[in-house]
Amino acid sequence: MNTSFHSPTAQLKQWLSRLAAATLNSIFAIQVIAAVLLSVLLSDLAGFDYPGWAALSSYAVMNTSVKASTVRAFNWVTGTVLGGVLALLLSTYLIQDSAFLILFCTVVGGVAVWLADVSRWSYSWVLGAVTSMMVMAEAQKIGEFRHLLRFTFNRIEEVVLGCAVCIVVTVLLYPLKRRRQVVAPHQVNHPEPPRRPLLPLQAGITLLLLTPILLVFHLTGFWQAMVSVLAVFILPTSTQPVQQQIGQRMQQRLYGCMAATLLSLILLPFMHHYPPVYIATLIAGLWLGCHLQQGKLLVSYFGRQFTVAWIIVFIQETLWLTEPIQAVMRCVSILIAIMTIGMVMTVFRWLKLSV
Numbered sequence: 000m001n002t003s004f005h006s007p008t009a010q011l012k013q014w015l016s017r018l019a020a021a022t023l024n025s026i027f028a029i030q031v032i033a034a035v036l037l038s039v040l041l042s043d044l045a046g047f048d049y050p051g052w053a054a055l056s057s058y059a060v061m062n063t064s065v066k067a068s069t070v071r072a073f074n075w076v077t078g079t080v081l082g083g084v085l086a087l088l089l090s091t092y093l094i095q096d097s098a099f100l101i102l103f104c105t106v107v108g109g110v111a112v113w114l115a116d117v118s119r120w121s122y123s124w125v126l127g128a129v130t131s132m133m134v135m136a137e138a139q140k141i142g143e144f145r146h147l148l149r150f151t152f153n154r155i156e157e158v159v160l161g162c163a164v165c166i167v168v169t170v171l172l173y174p175l176k177r178r179r180q181v182v183a184p185h186q187v188n189h190p191e192p193p194r195r196p197l198l199p200l201q202a203g204i205t206l207l208l209l210t211p212i213l214l215v216f217h218l219t220g221f222w223q224a225m226v227s228v229l230a231v232f233i234l235p236t237s238t239q240p241v242q243q244q245i246g247q248r249m250q251q252r253l254y255g256c257m258a259a260t261l262l263s264l265i266l267l268p269f270m271h272h273y274p275p276v277y278i279a280t281l282i283a284g285l286w287l288g289c290h291l292q293q294g295k296l297l298v299s300y301f302g303r304q305f306t307v308a309w310i311i312v313f314i315q316e317t318l319w320l321t322e323p324i325q326a327v328m329r330c331v332s333i334l335i336a337i338m339t340i341g342m343v344m345t346v347f348r349w350l351k352l353s354v
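Counting from 0, one number per residue, gives the positions in the sequence shown under numbering that gives the first Met the number 0.
To be clear, the hints were calculated from the coordinates, so they are not data collected in a lab.
All C-beta atoms, glycine included, are put in the ideal place defined by N, C-alpha and C.
Hints are not guaranteed to be accurate.
[Unchecked claim] Okay, derived cross-link-like pairs now, SDA-like style, lysine to any residue, Cα gap no bigger than 25 Å in a straight line:
(1) K351 with M328
(2) K140 with L214
(3) K140 with L37
(4) K295 with V241
(5) K351 with A230
(6) K66 with K295
(7) K295 with Y254
(8) K295 with K351
(9) K140 with Y49
(10) K351 with T105
(11) K140 with E316
(12) K140 with K295
(13) K66 with L296
(14) K66 with A230
(15) K66 with T105
(16) K351 with Q243
(17) K295 with M257
(18) K66 with L172
(19) K295 with I26
(20) K66 with V80
[Unchecked claim] Ranges between beta-carbon positions, derived for each pair:
(21) I141 with L297: 41 to 49 Å
(22) Q139 with V84: 36 to 44 Å
(23) L214 with T317: 22 to 30 Å
(24) G246 with P196: 39 to 47 Å
(25) S64 with R149: 32 to 40 Å
(26) G46 with V106: 29 to 37 Å
(27) Y173 with F73: 33 to 41 Å
(28) L171 with L214: 26 to 34 Å
(29) L297 with L261: 34 to 42 Å
(30) H290 with V65: 36 to 44 Å
(31) G246 with E143: 41 to 49 Å
Using the sequences and the hints given, assemble the complete structure.
Have a look at this one:
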C-alpha cells in the first residue's frame, strides 16, 4: 500500500503553510515598496528638490523590526543634521575652493570610516560625512549662504520624510510579521567591532584621488560616489580577510550598479513619462532587489546594491522623468569610485600592506 498518500485536507494545509511562509518572506519587499512610493509621492507634493533622497533614506533604514528601523532612522537623521551644520559653518569661511574641498572630503571620509569601524553608530557617521561633502560640493557651484542654507535644509527635510515614512510603514505592517522576524544577512549586528587601522587611510587616499576627477569632469553623481567609497570600506565583523571582504563588496556593488543601469537603459525609453508603466517598473525592480537581498551573503549584498542603483536611476529630480542620460551619469560616478578603490587596494597589495 502506498503510504505517501495525502488527503485533500492535508494537501490544503501544506499549501496554505507554504503560502504563509512565502508571504512572511515577502514582507520586507512589501515594506520597501510601500515606503519608497510614499516617500516619492509625499516629497513631490511637498515640493522637495530631489525625491530620490527621501526614497533612499526610507530604504536604507528599513528593517522588519520596528526598533531597528527607529534606531537607524534616528542615526540617519542625526548624522544628516550634524554633517549639514558642520559644512555650513565651514562654508562661511571657505567657499568655492576646490583644493579645500578635496582636502575636506579626504579627511572627513577617512575619519568617518575610522569612527564607524570602532563604534555602533556607523549610520550617523556615514550620513554626517556624506551630507557635509554634499554641502561643500554645492558651495563650489553657488557660494551664496542663503542658497547653501536652503540646500542643507532640503536635504534634512528629505531625510526626515523618508525615515518617518519608513517607521510608519514598519509599524503598520508589524501585525503581519509579528510571528517571524526576517533579518537579511547584511543587517546582522555584531556587538564588538574589530580594529582595522588601515581602512581609514585607504578610504582617505581613495577620496583624495576620486574628488578631483569628479570636479574636473563635472559629474552629477558626486554624492553617489562618496557613498560608494564609504559603503565599501565600512565593513561588518567577519572571519574573512579584510582584502577579501573589500574585493567582494567592490564586485557586488559594481555588478548591482551595472545590472540596474543596463536594465534601465532598456526600459526607460519606452515609458514616455507614463506614470502607470513607470510605477509598475519601479515596483518590479524593488521587488527583485529585495528578494535577492534576503538570500545568501553575497547575493544579499548584490541585491542591496541593485536596489540602491534602481532607486537612483529611476527616481530623478522631476517625478515621472525618465531620462536615460541622467541614469548613466549617476552610475558612471559609482563605477569611477569602484575603479579608484580597486587601484588603491592594488597598490596596498603591491606594498604588502594588510589590515
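Does the alpha-carbon distance linking K295 and K351 stay inside the 25 Å limit?
violated (31 Å)
Verdict for G246, E143 (Cβ pair) under range 41 to 49 Å
holds (43 Å)
25 Å limit on alpha-carbon distance, applied to hinted pair K140 and E316:
holds (18 Å)
Quick one: are L297 and L261 within 34 to 42 Å, going by C-beta?
With Cβ atoms ~20 Å apart, the hint is violated.
Given the proposed pairing of K351 with T105, does the C-alpha separation stay at or below 25 Å?
holds (23 Å)
Starting from K66, check that the Cα of K295 is at most 25 Å away, please.
Answer holds: K66 to K295 is near 24 Å, not above 25 Å.
Sort out whether M328 lies within 25 Å of K351, counting only the CA atoms.
Violated, at roughly 35 Å.
K351 and Q243 were given as a pair; does the straight-line alpha-carbon distance stay at or below 25 Å?
Holds, because 14 Å separates the two Cα atoms, which is no more than 25 Å.
Pair hint outcome, K66 versus A230 [Cα-Cα no greater than 25 Å]
Measuring from Cα to Cα gives roughly 23 Å; hence the hint holds.
Between the alpha carbons of K295 and I26, is the straight-line distance 25 Å or under?
holds (18 Å)
Given hint V241 paired with K295 - CA-CA distance at most 25 Å:
Given that 25 Å is the threshold and the Cα spacing comes to 19 Å, the pair holds.
With respect to the beta-carbon atoms only, verify the hint that I141 and L297 lie 41 to 49 Å apart.
holds (42 Å)
Checked against the numbered hints above, the structure breaks hints 1, 3, 8, 12, 15, 22, 24, 27, 28, 29, 30 and satisfies the rest.
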